[in-house]
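There are 4 protein chains.
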Amino acid sequence: MKETEIIRLKDDVQLNNPIMFVGLPGVGHVGKLVVEHLIENLEGEKVIEIYSPYFPPQVLVNNDNTIKLVNNEIYACNINGQDILILAGDHQSSTNEGHYELGSLYLDLAEEFGVSRIYTLGGFPTGEFNHNEGVIGAVNNINLVEELEGYGVEFRENEPGNGIVGASGLILGLCDFRNIDAACLMGLTSGYIVDPKSAQSILRVIDRILDIEIDEEELEKRAKEMEKVVEKIKTMKEQQETGNLPQKDEDINYII
Amino acid sequence: MKETEIIRLKDDVQLNNPIMFVGLPGVGHVGKLVVEHLIENLEGEKVIEIYSPYFPPQVLVNNDNTIKLVNNEIYACNINGQDILILAGDHQSSTNEGHYELGSLYLDLAEEFGVSRIYTLGGFPTGEFNHNEGVIGAVNNINLVEELEGYGVEFRENEPGNGIVGASGLILGLCDFRNIDAACLMGLTSGYIVDPKSAQSILRVIDRILDIEIDEEELEKRAKEMEKVVEKIKTMKEQQETGNLPQKDEDINYII
Amino acid sequence: MKETEIIRLKDDVQLNNPIMFVGLPGVGHVGKLVVEHLIENLEGEKVIEIYSPYFPPQVLVNNDNTIKLVNNEIYACNINGQDILILAGDHQSSTNEGHYELGSLYLDLAEEFGVSRIYTLGGFPTGEFNHNEGVIGAVNNINLVEELEGYGVEFRENEPGNGIVGASGLILGLCDFRNIDAACLMGLTSGYIVDPKSAQSILRVIDRILDIEIDEEELEKRAKEMEKVVEKIKTMKEQQETGNLPQKDEDINYII
Amino acid sequence: MKETEIIRLKDDVQLNNPIMFVGLPGVGHVGKLVVEHLIENLEGEKVIEIYSPYFPPQVLVNNDNTIKLVNNEIYACNINGQDILILAGDHQSSTNEGHYELGSLYLDLAEEFGVSRIYTLGGFPTGEFNHNEGVIGAVNNINLVEELEGYGVEFRENEPGNGIVGASGLILGLCDFRNIDAACLMGLTSGYIVDPKSAQSILRVIDRILDIEIDEEELEKRAKEMEKVVEKIKTMKEQQETGNLPQKDEDINYII
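Here the protein sequences come in this chain order: A, B, C and D. Going by our numbering, the residue at position 54 of the first sequence is 55; the numbering climbs one at a time, nothing skipped. Going by our numbering, the residue at position 107 of the second sequence is 108; the numbering climbs one at a time, nothing skipped. Going by our numbering, the residue at position 189 of the third sequence is 190; the numbering climbs one at a time, nothing skipped. Going by our numbering, the residue at position 98 of the fourth sequence is 99; the numbering climbs one at a time, nothing skipped.
Since the hints were made in silico from the structure, they are not lab data. One or more hints might be untrue.
As the list makes no split between identical chains, a pair holds if one copy fits it or if it spans any two.
[Stated by the list, open to error] Think about it this way: if two alpha-carbon atoms lie no more than 30 Å apart in a straight line, the pair counts; the simulated DSS-like pairs of lysine-lysine are:
(1) 47 with 238
(2) 3 with 47
(3) 47 with 233
(4) 229 with 11
(5) 47 with 235
(6) 238 with 222
(7) 69 with 3
(8) 235 with 3
(9) 225 with 235
(10) 3 with 229
(11) 47 with 11
(12) 69 with 11
Being a predicted model, the structure only gives us computed values, none of them experimental.
From just these sequences and the hints, can you work out the full model?
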């Protein structure tokens, strides 16, 4: 495989003015959690698989011991008459040039499907565990700010200070070349753990964008499990400071 | 050398429905030990050499002081009427894209020879020195599970947890694009040392696959040497914990 | 985006024997500070934007929360009848080959505009905070030495000892292939902080090159802010040596 | 510069059955010292310059403050009727694929000039400062062993144990594809310092290969300077072990 390969699972995909959501692995896996929840709840149908020499040489192993080569995938769904495309998956890119090549490829596909609006979803690392409901925004077109503030997105001056690194930022930048409006929605998160609560915050913004109310049960369950893990981490930290070593804990797998 | 180069040592290689075994350097060098043992005992004939700018810029030096440019090689043999191809060698890949390019190339060759089944061989790192006979499996086609369980391969739910990284996993994933059935057989091993015992475990599975009994003498000898090394390591660890420093030991070269 | 992309913002750019200044991020951000000051004070008009898969996958976020894909830019201005081109921007290169490809591209553009002289601007790291007015020079044509000494550039034997690494050195080397005279002007700087004072030193050499006097107010203001930061750093160092820990300080952002 | 560039300084280079010596920077800079000494003493004429995006983005600065883009160079000379080509320079390669591409390019040029024998020169790291006269050999053709032993080259069984990494090994391996006989001559050296004494050892082997006696004065001078540095290092080590810290020493620049 010398080049990225696109596998089309459905030949005749007709969409009307779709919105695209992008949630690749990143800070707190927030974006990934959101899109996986959307695909589940909106009954997304997989239409495209993307394999690439820019992904790690790795297969994931399913519960039934079959393997899956790491990839990214595009799902299509429709809610309230609004066509939606969702880009989800396993990896951003293993190389610098790969980021640009894959990002451009995603936008080739977006253009092909007539996408007019892209939301990239991610986490905004705060370094603190105390949960904050906020969802911070950045846009590639200033006319989007007012609309997004209406959806509950917060715009802070000078934030993020160092810009946005990775696919959720790059895709916004590349959208400029395609005249596609795009915004990055970042849920506030510690940056140390997988964060379903932060995903819930973004989901509520998406509810307002789509004017629906997506069931949150799955994320709520994971959020409760994560609260226990955060409590354990806080306890471990106190124990370390006082000199008592904690027990080995499987829950620590929730830490990214 | 801008591209990977394939040197064919034999022009007219006709094989009937061959099985392919892949054992490149990896965890515990388990896969490598197995295929080297197979090539020796089944009198494999080298048919292909593969050189690549994705291998390190390195030559190995033979006992007679002649050099050999690092490469991978394919051997052909036949046992009990079953044609076999064996991919063995010095290196997986020095770059990310190289993994994908080389993996695809190996499968181009597999398809050319009409390979219908590929077994990639490797080690499953446990972190523990106490030897376990088990061989864990992962497949790219669920129909293979029952057959492999019949050969003594163990399938554990959720294992390996982080998937399989490297050629032995990637080749399975790429086989999906070629409609070649493939399985990864992983001998349990500490992950710290070259492990001939783990190679023996895989060899016994291969005995059942091929319905033969391959002489284990060479591996048995190496396994006994390794047991002495493991004892020394355990003693060294105890000495470190009690404060007595061990002697410098040449056997420590067996550690990967 | 598989290749570097050049966006021309103005079609018909006619320049007469222009001089080019190059100030990409580097030691002390000295070169960057100089060219940004020149663009501001000489009212540079942006004529070219350069995007590249060799830049990091990153967008910067403006005060109004709109994003900008990392890039480099070329500005044109004219002072005292002398046409000037200025190459400024966000990044040198994320890969080795990228350095060479981008450098060659900049010189393709320089040749296209008929550039006859290029000055690359940077910092010469001394490891010391005490400010030194000096600007050290290196040239690709020995005939430039005397002229530059006339502008106040210092030429030290055997300095810089390890040569010049990065765009400001590479561009000089590549100029040899194009028969463009080029010099690297390096302001003495600690190497630990963004250094507006060092930028002022280079600016005064440029004043003599162009026979003008560029207003220094902006740089002067930043230099005064930096002096306070340097004082704080010196105090912090003393505190560390005596055992008193310093307060958390926002000014430390000035450290590169 | 997207590709490696070859600048030919002389159009009509006719050589008769030349021998090629390769001495690129490596362990102890031994090979580099030898070829620079040969070029000087045999009055080598530069015939080719090689620039490459695989070399670092760097210029070296000469005493007169002019710069030189990092490159490798080929010199031609003749001694006792024997045509000689010498490959010398600044760098091996910054990337894995670069090693293979450059190595192949050097051999394209070797073939073009009708080279029948290549000697790559380097250092064999021992970890010890006490000087050993020995020059270890490795060959790509077993028939070379006896001849080289006649020149005083030592062949040790199982040495070098991990093969030869880098240009001096790779070139030998690539020579196999060109039917060019090649040998690597490695002077024993600590591996910690630039080692002119080790270069002298190789030079004496070259004297026997070419049946001449090359003046050693330059290398002898450098060897004496290095002996003083080695003494200082030994003293520093003792001081560290006894607790007295040494003075800052400029000679420590001799350490690689």
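Evaluated hints:
1. In the homo-oligomer, the alpha carbons of residue 47 and residue 238 never lie at most 30 Å apart, since the shortest distance is 43 Å inside one protomer and 52 Å across protomers.
2. For a Cα distance limit of 30 Å, the shortest separation of residue 3 from residue 47 qualifies both inside one copy, at 24 Å, and across copies, at 27 Å.
3. Taking the shortest Cα distances, residue 47 and residue 233 never come within 30 Å of each other, neither inside one copy (38 Å) nor across copies (55 Å).
4. For a Cα distance limit of 30 Å, the shortest separation of residue 229 from residue 11 qualifies neither inside one copy, at 42 Å, nor across copies, at 59 Å.
5. Taking the shortest Cα distances, residue 47 and residue 235 never come within 30 Å of each other, neither inside one copy (40 Å) nor across copies (52 Å).
6. In this assembly of identical chains, residue 238 and residue 222 lie within 30 Å of each other by CA distance solely inside one copy; the values are 25 Å within and 44 Å between copies.
7. In the homo-oligomer, the alpha carbons of residue 69 and residue 3 lie at most 30 Å apart both inside one protomer (19 Å) and across protomers (27 Å), since each shortest distance falls under that limit.
8. Neither within a single protomer nor between protomers do residue 235 and residue 3 lie at most 30 Å apart by alpha-carbon distance, with minima of 47 Å and 46 Å respectively.
9. In the homo-oligomer, the alpha carbons of residue 225 and residue 235 lie at most 30 Å apart inside one protomer (16 Å), although the nearest pairing across protomers, at 43 Å, exceeds that limit.
10. In this homomeric assembly, residue 3 and residue 229 never come within 30 Å of each other (Cα to Cα): the closest approach is 45 Å inside a single copy and 45 Å across copies.
11. Proximity of residue 47 and residue 11 under a CA criterion of 30 Å is satisfied intra-copy only: 8 Å inside one chain copy versus 44 Å between copies.
12. Proximity of residue 69 and residue 11 under a CA criterion of 30 Å is satisfied intra-copy only: 20 Å inside one chain copy versus 35 Å between copies.
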